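Protein chains: 2
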Amino acid sequence: MKSPCFLKLKNLHMHNHKDDLRYKDIWIDTNQELVIYMPESCHVCKSEGFQALTRVEVWFKKKSIIAALNITQDGLLGDGEVALSLSAKKKLNVQNGDLLNVKHAEPLQSIAYIRAKLYGNALDQTAYDEIIRDIVDEKYSNVFITAFLAACSGHNMSLEEICYLTRAMINVGNKIAWDKEIIADKHCIGGLPGNRTTMIVVPIIASLNIPIPKTSSRAITSPAGTADTMEVLTNVTLDIAALHAIVAKENGCIAWGGAVKLSPADDIIIRIERALDIDSEGQMIASILSKKIAAGSTHCVIDIPVGSTAKVRNMESAKQLAAQMEAVAKYVGLKIRILFSDGNQPVGEGIGPSLEARDVLKVLRNDSDAPQDLKNRALVLASTIVQLTLGKSELEANMLVASQLENGAAYNKLLAICEAQGGFKEPKQANLSEKITAGNEGIVTKIDNRKVARLAKLAGAPDTPEAGLDFKVKLGQTIKAGDELFTIYAGSKGELNYAMEYFKTNQGQIIQIN
Amino acid sequence: MKSPCFLKLKNLHMHNHKDDLRYKDIWIDTNQELVIYMPESCHVCKSEGFQALTRVEVWFKKKSIIAALNITQDGLLGDGEVALSLSAKKKLNVQNGDLLNVKHAEPLQSIAYIRAKLYGNALDQTAYDEIIRDIVDEKYSNVFITAFLAACSGHNMSLEEICYLTRAMINVGNKIAWDKEIIADKHCIGGLPGNRTTMIVVPIIASLNIPIPKTSSRAITSPAGTADTMEVLTNVTLDIAALHAIVAKENGCIAWGGAVKLSPADDIIIRIERALDIDSEGQMIASILSKKIAAGSTHCVIDIPVGSTAKVRNMESAKQLAAQMEAVAKYVGLKIRILFSDGNQPVGEGIGPSLEARDVLKVLRNDSDAPQDLKNRALVLASTIVQLTLGKSELEANMLVASQLENGAAYNKLLAICEAQGGFKEPKQANLSEKITAGNEGIVTKIDNRKVARLAKLAGAPDTPEAGLDFKVKLGQTIKAGDELFTIYAGSKGELNYAMEYFKTNQGQIIQIN
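Chains as they are written, first to last, in this note's numbering: chain A, 1 to 514; chain B, 515 to 1028.
It is worth saying that the hints were derived from the structure and are not from the lab. Don't take every hint at face value.
As the list claims (entries may be wrong) - Pair ranges (Cβ atoms, derived): (1) A:Gly75 / B:Arg827: 35 to 45 Å; (2) A:Gln477 / B:Asp539: 35 to 45 Å; (3) A:Tyr119 / B:Arg788: 58 to 68 Å; (4) A:Ala323 / B:Asp539: 19 to 29 Å.
Claimed, not checked - Restricting the straight-line Cα-Cα distance to at most 25 Å, the calculated cross-link-like pairs of lysine-lysine (DSS-like) are: (5) A:Lys62 / B:Lys617; (6) B:Lys775 / B:Lys694; (7) A:Lys493 / B:Lys986; (8) A:Lys103 / B:Lys1018.
These numbers come from a predicted model, not from an experiment. Just so it is clear, CB atoms sit at the ideal spot from N, CA and C, and this is done for glycine as well.
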């Protein structure tokens, strides 16, 4: 009877303080969903009529969250004890032994809008605002987010509704203020392995004194994101104050967007979208464009790679997507230009952070073995940004960006940006590698981007920055038996083995030679 | 190094047997969703690129399940350890220390149908069959079930599709074979508090030698289900063999349907439906009618109470629902007749298992204070069953069922059924009660069924069978100050206090007196 917790707990049983429950850590990460765990024997559960998945309001010291209930069988938690998922624990800032209160959560008004949408009604700006506000306030459990995504999936959103959703996402996020008339940006839809143009485009544009404060993502399902690749060369975790200082000095930066939290709504929605794997074009457009606005961008060039194993599979879909993006960009006041590019094979040679950083440096250094496809894609994008922001003709813009690359201005700018972000370092090479050669001769007829990405990931990318693939063949290339197709790089024998196993079982599908 | 588990675990680290993971109990009940818990440090998670909510195939001794991944932070599980939700543990029958294998689950083909449905396409019988089969095989995580429900919600299903869904649900369940031409049944949509007609209808019908093997549910969100109320009088947990024996002898029974598992698909879907609280008329019709077919019923009378705080809120919705149910019933070969009834107030006086059982006995015993509304509703339903199964006129049927009630045949049949199910016992009364009286005079203008039900639940029903309300007023009744409105019964002082607290804060809304 020494501890006050215990006294309080006894108290609870004697006086039936129905809502006093003692917190206990059980360390479960539900991937952000706020979950409360209560034992089936719990008197509060019983008297409140809680069932699993019930939305429960959890109070601690005048702060509250809405959590979904999971019921535990006796053994993990005793009567009078509750646990929270890690995200919920963090939000309430509770520790072992703290006393919590729980009660039924009020029904959410915004669910009525989802219901209306599922009944086929179009929603207005207010409805999207309320839904997105409740999602950001973490009042939606996974099933509600799923219902919202399902309601908005396919072609179920009108163009107006995509505009409203985009605006709603902008409204709940922070916008970076730049105090400049032009802020250039670029975006690529559905990454192709090795397509690391950002790290070439940004220094070219910045070297022309066009501000381009680029925030990029880390890999989610790919072997490398731009933030991972830039991190090979320098620090990418920068707060907004640091971004401002660097851009004031160098006109550009390449930072990790996750550190800046540009779209809190999207961060929550995307984890369900990924698990669900049901496309919603409206959600994708809102996600991309709301982040551009939040980043303070005014002019943005968007690259849509089109190919059978790319995100956008044919030109018809690409054109439809482009038309919608243009309309929504206009609605939210963003000037965009959209380019379609070949999405049928990886870009450059390296796949994985260090190998891609190496390719980027080769292009910027005008090395004779620099990958031409990566260079050309970067030049087209940079030229389009110059046309869009400075109003130059295509020819003028092409010459301008090519000269910035060839005269070393872009390379020097990358070094200066790296210096400003924390110092430049050269990429390293992995210790272990295995060269894969062609078994027979023929022409390369197909490359599966998804399987190539998977192979690089199994080799350890991006967690091991040096891991990945050095990919030596292109579509249409004639191959002799014994020619190198690619080399797998790995940081450990185990990872090299995983990759080799996967290669052996998927051999004919990764690269088709006919 | 004594334990073989530990040896195996070391082995795993040395040789990188990527899929050997040691099972550890953590006792989490996710309400049936199959979940695997893996620590964030886990080498398998990393190399396989698992993220939270990834669908993972978990193997143990040649058996496998598909589970959704939750990632735990270090502390609960170590590297090389995994845990399962209780439902998953049970399905695989694993124990602490067992070695499991995990890998990416193959994408489900049936998700493509859900995608198509979300894109506005109607699905055929094959599509519904595959979706329901995958759900019953527990291959769907909660987000997929939610997406399916969302796709089928509102008016998104055509009548044909509701037929296909119903058939699909029948196809995956067991059907009880009765070897009789007529099997009578009844169903009430959206329970009204106290509406315990089944326990009067079944003995009337059985006493007329019409077979009526009734399977009923326990309370889910209400203060009592028919199974809970029947359990006050006798045993209700019966297997199919016992049902057959009892029905052969007495022509009727009232058993708990949960013990018979009539609709495994519905059992899984309903828990998400409840959390989501988004109506799907198609799902509801398929759920009800598939269970009737599974129970072997041939003729079924369906009661739709209509009222502002009932499930069906107005006559227009009721008629639309009835028309759809009739069409689907025809498709699956079930003869039904639908009745609309008053859904604006509780039925009888007792609310809660024992109090409702007391009302049922009063009616069957022809007590002078038997609730007339309960009696009349039961007689109308019984008469309709007689008309539907024996082809009698309404007048004939009315006289027949009234006489079976009045001459004691129905009461004797209930006693005989109870005897056959395990013996009859009288309901008990709760020790604690609190009488609520009117503060002022006036006429009862509104009763909120939902708040009445909530009050009875807070008092302890159905877990404490004697708990609940004895509800003394009806709509339109003139009340004097000091008149009894209802009495709260509870098994403990704590529960009586919860109920009183709720009453005090909701006083004016439970019963409106103007």
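Going through the hints against the structure:
1. Under the hint 35 to 45 Å, the C-beta atoms of Gly75 of chain A and Arg827 of chain B, about 44 Å apart, fit the expected range.
2. Take Gln477 of chain A and Asp539 of chain B: their Cβ atoms lie about 55 Å apart, and the range 35 to 45 Å is violated.
3. As the Cβ distance of Tyr119 of chain A to Arg788 of chain B is approximately 20 Å, the hint placing it in 58 to 68 Å is violated.
4. Remark: the range hint 19 to 29 Å for Ala323 of chain A to Asp539 of chain B is contradicted by a beta-carbon distance near 55 Å.
5. A threshold of 25 Å between alpha carbons decides the hint, and for Lys62 of chain A with Lys617 of chain B the separation of about 44 Å lies outside it, so the pair is violated.
6. For the hint linking Lys775 of chain B to Lys694 of chain B, the alpha-carbon distance of about 21 Å falls within 25 Å, and the restraint holds.
7. For the hint linking Lys493 of chain A to Lys986 of chain B, the alpha-carbon distance of about 78 Å lies beyond 25 Å, and the restraint is violated.
8. With a CA separation close to 17 Å, the supplied pair Lys103 of chain A and Lys1018 of chain B stays within the 25 Å bound.
Of the hints listed earlier, those the structure fails to meet are numbers 2, 3, 4, 5 and 7, in rising order.
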